[in-house]
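Asker: If you read the sequences in order, they're chains X and D.
The working numbering applies: residue 1 is where the first sequence begins, and numbers increase by one.
The working numbering applies: residue 1001 is where the second sequence begins, and numbers increase by one.
Bear in mind the hints are in silico, worked out from the structure with no lab data behind them.
Just so you know, not all the hints are guaranteed correct.
DMTMM-like, lysine to aspartate or glutamate: derived pairs with alpha carbons at most 25 angstroms apart [as the list claims (entries may be wrong)]: (1) X:K229 with X:D374; (2) X:K130 with D:E1321; (3) X:K201 with X:D188; (4) X:K229 with D:E1319; (5) X:K174 with X:D198; (6) D:K1213 with D:E1228; (7) D:K1095 with D:E1270; (8) X:K229 with D:E1321; (9) D:K1095 with D:E1171; (10) X:K35 with X:E190; (11) X:K130 with X:D231; (12) D:K1213 with D:E1226; (13) X:K330 with X:E346; (14) D:K1213 with D:D1227; (15) X:K174 with X:D188; (16) X:K35 with D:E1228; (17) D:K1095 with D:D1189; (18) X:K229 with D:E1270; (19) X:K180 with X:E193; (20) X:K35 with D:D1227; (21) X:K35 with D:E1226; (22) X:K174 with X:E193; (23) X:K130 with D:E1319; (24) X:K201 with X:E190; (25) X:K35 with D:D1130; (26) X:K130 with D:E1270; (27) X:K35 with X:D198; (28) X:K35 with X:E193.
Each chain, written out:
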Amino acid sequence: MSLDHIVSVTIGGLTVGMIYALIALGYTMVYGVLKFINFAHGEVFTIGGYVAAFTLLTLGVNDGMSALAVAGCLLAAVVASVLVPMAIGFLVERIAYRPLRGRARIIPLLSAIGVSIVMQQSIILVFGSKPVTIPTLALSSASIVVGGIRIRVLALIIIVVSAVLMAGLTYLVKSTRIGKAMRATSQDMEAAEMMGIDTNKTIAFTFIVGSALAGIGGFLVIMYYGSLKFDAGFLYGLKAFTAAVLGGIGNIPGAVVGALVLGMTETYGVSVDLGFLAWFVVAGLVLGLYVQMVRIPRRRLQHIAEDRRTPEYERNLLNVYRLTPYHGVKTLLAERTDALLSVSAEHAVRLMAGNIFLAVVAAVMFVNANVRIDTRWQPVIAFVVLMVILMFRPSGILGEAITEKV
Amino acid sequence: MRLSEVTERVSAATARVPRSVYAVGGLVIAIIFPLLNMAGWVETAWLRVGVISLLFVMLSLGLNIVMGETGLLNLGYIAFFAFGAYTTALLSSPKFELRWPFLVVVVLSALIAMVAGFVIGLPTLRLRGDYLAIVTLAFGEIVRLTITNLQDFTNGPNGITGIYSPRLVGEGALESLGSTGPAAWLVIDKPVEYYYLVLVCVAVTAVLISNLKNSRIGRAWNALREDELAAVSAGITASRAKLLSVVLSAGIAGFAGSLFAYYSNVISPESFLFMQSVIVVCMVVLGGMGSIPGVILGAIVLQALPQVIRQAAGAARSEFEVYRMLIFGIIIVVMVIFRPEGLLPDTLWRREAHEVDPREQEKTRQSLFDLEEGEKDLEV
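Modelling step: build the complete structure from the supplied sequences, incorporating the hints.
Answerer: Written as structure tokens, this is what we have:
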């Protein structure tokens, strides 16, 4: 596997990951506010893609048109793929979810499954069961060459647009009045109500924003792949949900991190022929890093004597494990150190040595691996990730903290 | 009259009829139905619809144990069905040139599905309800995709063909008895014979489950569903009771899967899509979670009624399928919002479905009170 391959596969993984992230944000925001898995969210994404394709086909977009006209058509498609999902998200919340608020957890989930089926079958009724295909545009096949590596322009556009949208969302949640209302509602709905926040409006707004992001995701997917099937939303939705759980559901940066990790894992998984042993090494490395960065430090924190427990001391102990090359080594070399810190530093250095060994082995295997595309097991990767994360760490990588942490 | 009043009256009326009337009535209808076919009044195609409906009755009875009794949503239930079906297909088809005895295969199919249920249940049952649903969904999809991809073992998407008909006795005994008269019933190969075989299995399952429901373990399941914390403090081992319900329901699905494989001769991964799991969930929701007559009714209504309507309307299969699923989706949403206890509700569920969590209620009242107090303060 050469550098070219590594770069192109990484960009592919980033692109897919960003699309997952756009959908995952909808899951995670709704979960943050309502503690509810909006199972129908994947279908909203499909509808976004279909509406975009329908708009493009109706306007008869093709390369014969002037650049300005093509841009106009694309703009119309974007607007349609945002507005229609927004309306659907709003209506679905109003009709199928709001009457069920406060019931046992599985009741709204059942309703969401019903809604998802209704949406999927409605897509078939309206647009037919054949995949919708848009005409190939110069834009969708264009690519640029950087240092001998060919990159699709559209992949870059997807990455940039998604990043901008996520920055916008962060701003919205963190700095605006409605964002503040969202955070308050997710923390404590009753308290928020007492402070004069219209929680119904806030929840509806959350659904609308999530649906808009999913709609844009649908638009980007149909531009990138050129076609979309009516049941695509099921798989995309589940993968995005996996991403949301992986990063810690309810946690907005977590959704993005989880989506990128999932996108990368999937893309590398299907395009690198590592062999069984190498996947073992990679899994061992991931586990090793998890143990060093998360598991052991958390247990070590409990060893601190009550009278020595200060935030600063806790941070030091965590840093010894998390930033071992600097903090751990510095602690070991220092003339006088605290016993717990010193023991931890030795421990951390030993763990780090093991992880470095695994990383070197994995890197060597990666460089020697062949490139081949085998998508048979692609969906399985996401499902296995989902099961493993829910079994062993349901709170995800970054923790299940709510929007407050943005 | 408001809608809630109508439903209230209907449920009051249905509650007055003793349960045994439903059971006996249903069984009589089920037994008479194939006789109509033998008399030539009903086409054999309807018998096939009957067999499939009965298999779905069995599946919904099984799912009802986890979903209705224990309150755990399982969205990958069809995977256990697949385990049973594939075990049967591998042990009784030309694929590996095996033809194990019917009873051994059926029991083994159920056992393998139970092992699968145990393996998946053990690490996941401590999860919260909604997460558990998603994990089981992922499990179901993994099973299906694995079946599709393990070409050497399962023939992949083509499926396994030529599954042998079940023989209730050994080959030697069959030869000595001959193949005419009542002995013909020992080889199950006609729709009528399949129908009665499945009917017996369904009846046995239903009796078994209704006994379990009123036993110690059934009460434990209900207690866990209503309030896990209270149940655990009353001395119920939550993990063991939950695991038992998952394993048992998996076993029933495996059993049904085995019968399905024998009946249909051919099985392929397409029979085990996520949509099938949703259909079974829909049956349980429609009939009434935790209510055995309800679940049976739900399965029959959702499996047989669409076929009747399709015949009457003369619609094309693919087009009809879209409407059928659309209506299933609408049924789930409408039932969950307006009548969460189902058509023939279980008494316990009926109370529970309409009740808002008392702790939540208390909180709301408290906050309203606080609000009023605050307003008074402002006026002063």
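Asker: Hey, K174 of chain X versus D198 of chain X, does the alpha-carbon distance stay inside 25 angstroms?
Answerer: The given pair, whose Cα atoms are some 18 angstroms apart, holds under the 25 angstroms limit.
Asker: Within 25 angstroms, alpha carbon to alpha carbon, are K130 of chain X and E1270 of chain D?
Answerer: 18 angstroms, holds
Asker: Holds or violated: are the alpha carbons of K1213 of chain D and E1228 of chain D at most 25 angstroms from each other?
Answerer: 18 angstroms, holds
Asker: Can you confirm whether the C-alpha distance between K35 of chain X and E1228 of chain D stays at or below 25 angstroms?
Answerer: Satisfied, since the Cα-Cα distance of roughly 19 angstroms is no more than 25 angstroms.
Asker: Does the structure keep K330 of chain X and E346 of chain X at a Cα separation of 25 angstroms or less?
Answerer: 11 angstroms, holds
Asker: Hey, K201 of chain X versus E190 of chain X, does the alpha-carbon distance stay inside 25 angstroms?
Answerer: With Cα atoms ~14 angstroms apart, K201 of chain X and E190 of chain X stay inside 25 angstroms; holds.
Asker: Would the hint linking K201 of chain X and D188 of chain X be met if the CA-CA limit is 25 angstroms?
Answerer: Within the cut-off at roughly 15 angstroms; holds.
Asker: Does the structure keep K229 of chain X and D374 of chain X at a Cα separation of 25 angstroms or less?
Answerer: 20 angstroms, holds
Asker: Quickly compare the C-alpha distance for K180 of chain X and E193 of chain X to 25 angstroms and report which way the hint goes.
Answerer: Roughly 13 angstroms separates the two Cα atoms, so the pair holds.
Asker: Measure nothing beyond the straight line between the CA atoms of K1213 of chain D and D1227 of chain D; if it is 25 angstroms or shorter, mark the hint as holding.
Answerer: 17 angstroms, holds
Asker: For the pair supplied as a hint, K1095 of chain D and E1270 of chain D, confirm whether the alpha-carbon distance does not exceed 25 angstroms.
Answerer: Distance ~19 angstroms between K1095 of chain D and E1270 of chain D Cα, so the pair holds.
Asker: Is the straight-line distance between the alpha-carbon of K229 of chain X and that of E1319 of chain D 25 angstroms or less?
Answerer: Between K229 of chain X and E1319 of chain D the Cα gap is close to 17 angstroms, so the pair holds against 25 angstroms.
Checked against the numbered hints listed earlier, the structure breaks none of them; every hint is satisfied.
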